[in-house]
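Peer 1: Heads up: the sequence lines are chains B, U, V and L, in that order.
Quick note: the first sequence uses the working numbering, first residue 1374, plus one each step.
Quick note: the second sequence uses the working numbering, first residue 1374, plus one each step.
Quick note: the third sequence uses the working numbering, first residue 1374, plus one each step.
Quick note: the fourth sequence uses the working numbering, first residue 1374, plus one each step.
Hints were generated in silico from the structure; no laboratory data involved.
Note that the coordinates shown come from a computational prediction; the quantities given were computed from them, not determined experimentally.
Nothing false has been slipped in among the hints.
Chain L is nowhere near these chain V residues, computed Cβ spacing over 12 Å in every case:
id	residue
1	Ile1409
2	His1413
3	Glu1420
4	Leu1462
5	His1473
6	Gly1561
7	Leu1625
Examples of chain L residues toward chain V, derived with CB under 10 Å:
id	residue
8	His1605
9	Asp1606
10	Pro1636
11	Glu1637
12	Tyr1688
13	Asp1691
14	Arg1695
15	Arg1728
16	Ser1729
17	Ala1730
18	Tyr1737
19	Pro1739
20	Gly1749
21	Phe1756
Each residue gets a CB set at the ideal place from its N, CA and C atoms; glycine is no exception.
Chain residues, written in single-letter form:
Protein chains: 4
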Amino acid sequence: MAATAAFRDPIDLSAEQPAFPPPPLGARPVDRAAWIAAFHHVRDETERRAAPLSPEDQQIQSMADASPTKWHRAHTTWFFEQFLLRQYLPGYTIHDERLHYLFNSYYVAAGPRQPRIMRGLITRPNAEEVAAYRAHVDRAVDALLKEASAAVLDAVLPILEIGLYHEQQHQELLITDILHAFAQNPLGPAYDSDWRFPAATPASGTIDLPGGVTQVGHAGSGFSFDNESPRHDVLILPCAVDRALVTNAQWLAFMADGGYSRPELWLSDGWLAAQAEGWEAPGYWRLDGDGWASMTLAGIRPIDPALPVHHISYYEADAFARWARRDLPTEFEWEVAARDGGLADAFGHVWQWTRSAYTAYPGYRPVEGALGEYNGKFMSNQFVLRGSSVATPEGHARTGYRNFFYPHQRWQFTGLRLANYRG
Amino acid sequence: MAATAAFRDPIDLSAEQPAFPPPPLGARPVDRAAWIAAFHHVRDETERRAAPLSPEDQQIQSMADASPTKWHRAHTTWFFEQFLLRQYLPGYTIHDERLHYLFNSYYVAAGPRQPRIMRGLITRPNAEEVAAYRAHVDRAVDALLKEASAAVLDAVLPILEIGLYHEQQHQELLITDILHAFAQNPLGPAYDSDWRFPAATPASGTIDLPGGVTQVGHAGSGFSFDNESPRHDVLILPCAVDRALVTNAQWLAFMADGGYSRPELWLSDGWLAAQAEGWEAPGYWRLDGDGWASMTLAGIRPIDPALPVHHISYYEADAFARWARRDLPTEFEWEVAARDGGLADAFGHVWQWTRSAYTAYPGYRPVEGALGEYNGKFMSNQFVLRGSSVATPEGHARTGYRNFFYPHQRWQFTGLRLANYRG
Amino acid sequence: MAATAAFRDPIDLSAEQPAFPPPPLGARPVDRAAWIAAFHHVRDETERRAAPLSPEDQQIQSMADASPTKWHRAHTTWFFEQFLLRQYLPGYTIHDERLHYLFNSYYVAAGPRQPRIMRGLITRPNAEEVAAYRAHVDRAVDALLKEASAAVLDAVLPILEIGLYHEQQHQELLITDILHAFAQNPLGPAYDSDWRFPAATPASGTIDLPGGVTQVGHAGSGFSFDNESPRHDVLILPCAVDRALVTNAQWLAFMADGGYSRPELWLSDGWLAAQAEGWEAPGYWRLDGDGWASMTLAGIRPIDPALPVHHISYYEADAFARWARRDLPTEFEWEVAARDGGLADAFGHVWQWTRSAYTAYPGYRPVEGALGEYNGKFMSNQFVLRGSSVATPEGHARTGYRNFFYPHQRWQFTGLRLANYRG
Amino acid sequence: MAATAAFRDPIDLSAEQPAFPPPPLGARPVDRAAWIAAFHHVRDETERRAAPLSPEDQQIQSMADASPTKWHRAHTTWFFEQFLLRQYLPGYTIHDERLHYLFNSYYVAAGPRQPRIMRGLITRPNAEEVAAYRAHVDRAVDALLKEASAAVLDAVLPILEIGLYHEQQHQELLITDILHAFAQNPLGPAYDSDWRFPAATPASGTIDLPGGVTQVGHAGSGFSFDNESPRHDVLILPCAVDRALVTNAQWLAFMADGGYSRPELWLSDGWLAAQAEGWEAPGYWRLDGDGWASMTLAGIRPIDPALPVHHISYYEADAFARWARRDLPTEFEWEVAARDGGLADAFGHVWQWTRSAYTAYPGYRPVEGALGEYNGKFMSNQFVLRGSSVATPEGHARTGYRNFFYPHQRWQFTGLRLANYRG
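Please model the complete structure; the sequences and the hints are all you need to start from.
Peer 2: Right, dumping it as structure tokens:
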């Protein structure tokens, strides 16, 4: 059950990052080597994260919301084969036509697919065969990037870029999904026994926004997902946003004050979810002899009061804010406060629930075709999270990034920071 | 199976309205007679709506979202007994202590209650006994309003007022719930065979909002629910809102163009709901010989293309807008357009889905106690609807009124109007 | 909420019974008056049982296994219309063609039908209209029996006879179903506040069967259901069958000895059912202040230790027998012991679970057509009960009668007596 | 995806069988070497069956009724550790105490255990570690059998014997469970591409039993499960039992005659199951281009009309018999016919459904303790199957053997032969 150093230092944003992100799409001349390096950087990170996992570990799907490691490895590969190589690499040989059905995810326009809930039942191809599939596609993408004409490259790079960010999203899911899977094992196995959650940056007080009309959404030449556009005006009301994240210590105070047993603190749907699932603490917490412990990537560990609370659903975040007589910030209050540099630990610790329902920016239209299914079709019943987490790959997040989950979900590294209006 | 004229002309807003709404809370001297008249006006309307229904009709609950007519009649009565008479009428004799458990709804703070799904299983008290309960409480409220001191009246009237608007909400539900119940009966019984959906006002084109910061939410001395406050600034972007509602004719065009069979038009959750429930048309529609018909309050009737489409879920409204390459308006775009008088049939036909998730206004805090459970705890997973419907009692709605339902629900009289940005 | 004397003395088998059962089918000359009297005797008993129930009481269906009183009244009427009048009464006018769909039960061959689970949603026709339906059919059956030619009568009487026994079965269900419905009402209403469970006949010891080959199943000229044939040889092993039924006192001893918390006493499926439904005592029992009470037809009453235990599932009966280191008798051991007159309270108290799975007698073949669906298609997953209960109409049961229910069901008046082998 | 010769010739009963079954328990002197050989024979067969399966294949659980290969390998090992080594081998070191929770199955008396439905989520220990567990226990059992005193051996051998037969049962399940798992993979992988279902023995006509009292159940000195006792008298009625099994050709005739669409042929519960699961053919059958094919251990193969039909539920077997105007035999009719040598292919092809519900033999009492949970607690809602299947290990079955499954289950190699009474 040994583990490598796979996922030890995932958030060192200060380190030199030559390979990722790739150059802006519009940069000329096109730096083919930089794109190839970015491609390999991302592809290698996936394998680095999968490395500590046995074939058995990589096989299983522990709930409908999660996917097997092997599936993540294959599906991200299928993405490049389906959207890039089929169309743009002359003479490309499909690795195995039968894999198409197995490793499509939710792209209805890309044809029928294995039901999500049954992803864990595909034992063949096995982990080794998926490695061969990855190698086959990697070689072909290399060839494409090296040999494509300038005109083809213009069509290829936007798809390649989205493919890289797409694979990074699956890198994060790979980690959160395996944590969920291991949490079902009474033995509490460790993904990496040396793994540690990063310490919080000392911070206190609030950053006070004066209010007014400002612009939010994607700007500039870098990458963004379609749900960050169009850039548009929003009105910020005068408000205060906490510099620090809510900690385990604060959460324990909420619990001690009956936080999980007082329905008046909860949204109605939240109370139903909490009762149905028997929530008495954040996800993966368990009473262990003297006190609270938690299933982590390093196995079962005592709760550290100084760390930001995580594995929190929106319902819990909302109840906590009500208990504290504060609010969650809106996604735009968060964005403006982060842009101004006032937030500690905005990135690399926990995704932060906002009180903004996930919805389209004014005038948003999905792109045509299968890639149009990427973000727009999920714009109901979910809430926006901002920032990034300990599991987010380096270079993936940005101030305008919009993550989204259902309000009952808590297997991600999700936490919160508080805010309030100054009316 | 005869029906009375019970629910024949519910939307004549131009008629003289002496009894409802009651005077503003702050008006002095307090006009006790006007309050008593308003109280009886509302109480009588409930009975008028129940009158065509047999004891059997009043008994049943056809789904978890609906309630029996008898329960609506008793629960609205319990509201006055629980929040008004218990506390403020000296010497008041509780009609029957055992009814408390049966007719509380979701007020957790008011104690345990009959599970919602089992409301249809309470045959005793019967309809006649509920009538006696209503009469008992009506007499006591009369006495309270006549005899209370001025100081007591100051405490009483705000509760009375919310009780009246609360009962009006149940009047609307009484109608929509019995329609759902009758729709389960293969014989398609009529609530009132003379009932007709009101004709649409001729209208075309859009009202164009120039954009800018404006105030929304409750203002003035009239009644509003807590979710309409605090009044606050919002930013309207330049947009166009259709004057007319979407009609059945337009909906039939959507259906003819594969609206219910093209997943690319649908939200992901919406597509799942549509498949799971087998949606191929709006709620209650059925193919009937030559064409489409619908279960209505007058029984099964052919679809009239000129009427506004109704019994539409948010998911369907959203798919229709995507198909039409338009948007739903936000709740504030709707409010500003309605305030400016530009919308036809804003009230009295169908509730209109907006693209705004139902959430708290900035700085909103629920009131303390059981009445604080009225609106705030439902602020997740639902969408705001604006306007009012054919089933809404006279005098109930207003421009700032925020109705809300889950995006899959369609047993209400729900429809839509379209909008788009002019970026 | 008053009740009449409706169901006060249902088991006085010693009373003169001129009207029921009707004459044997083969008796010549045919005594038309006796058949008419039997018909009215049965039809009147149904109405006598329904009389204490309000229109609301008659409307509801409290679980999938139960049906509304109104449905029982209408379905038994439909049976005569469908199988007798349609075919054999010239010029018969169907009361209302639309009722056919509503009141068919499970006769697949008789056409589509209202889903069982939705029987409680049919408010129209109402109770009064069902009374009119009954009267219409009663008049027509009268006319048929008076005026039919001898040849027609030969075809009619076997169907009439099965219709009468069929209606008696629904009379029993009417009582057990309304008890279940009332048990869902927290107020615990009484069907008849003067109702009492009949006292047990003093009895002790066993009747010892010597063993050997004997014949079981239907013999003679009286009525029997098809599942009691063919008469055939069975081998009885030497065994002892208790003369007395198991009492509440004995059941309390089982409970005190951990009967509901020791999995080793239970069948695997039984333990799952007991855990899933939270069984800690027989059906309808509840702890009430000082001790155990039970919901009964007279409302909530203290447990009487001397009465036979009832509302027991097969799983509980089996666990009790295992705890007592005894067996349940097979259905044939019961039948032979009852035939020999050795059993106390074999009839009129509780149906008695046997350890015999409900299966076909050797060589059994269902009759052709819809009436062939009566018994044969239920021959899996159920157990045979013998005897009859306090709710069984007079004249309905006999020594060879085979009742059957699923092993988890306990809303019937079901109990047990013990036995064991003497190997 | 290569396969070894693992499961190529499983039914050659004529081959020399030196190792299994072991000597009768009462044989003296005790032949320790023979017992050790039998032990290794059984243990090796499990590994031989698992050999073609990758770590991924061994990991998954494709439905609640099935278990992972790895679990079968570990659970059978746990059985020897729990019931043999813990108690009887002085100084035995438990391999890993934590495995106890993971690999107990349903033995409530042996303590808490991993929920059945979550067996597929245990990735650690992995397949290799389970091999080490098996080796550890094998060595210890070797030592015990070699070194135990005669007195200890007397206690040990009955437990060892049941452990061997227990492991053989899991050998059969290992095969049927992996077939089910592979059938969920759209690629239809082969367990062993050279595997073939054994050809049927030519046979026709019936064996006619004259009827009379005879003895059934276990006799003699060989092994039997407790559910085969006590031996007792039964009465056989004159009947005819087919010599041959029902074939695919006959089943295709049933299908062509509407067998799956005529409710009158089906038990009520069976029809519900068939509709709910969409049965139109035996388990694993699919329309494949020109005709019917089936998922088999060799992958997807065309249906061979000459083979006995298999993957049939009891409900289907019963419907087929009704369609053929025949019966299924009772388990005792089957046993007597088999004893008399009249049946072709009684063993080694398909388990044969009988019309006997699975219940206790007269006077049966489970043994005390955890091993008492082996058979008795399943005696409800299941039917007896007789014979053995292509997946049954050599030497496992016998004429009196009682297998049992729920009537809806069809992932086993289950088929039927017909019979009828000669009244």
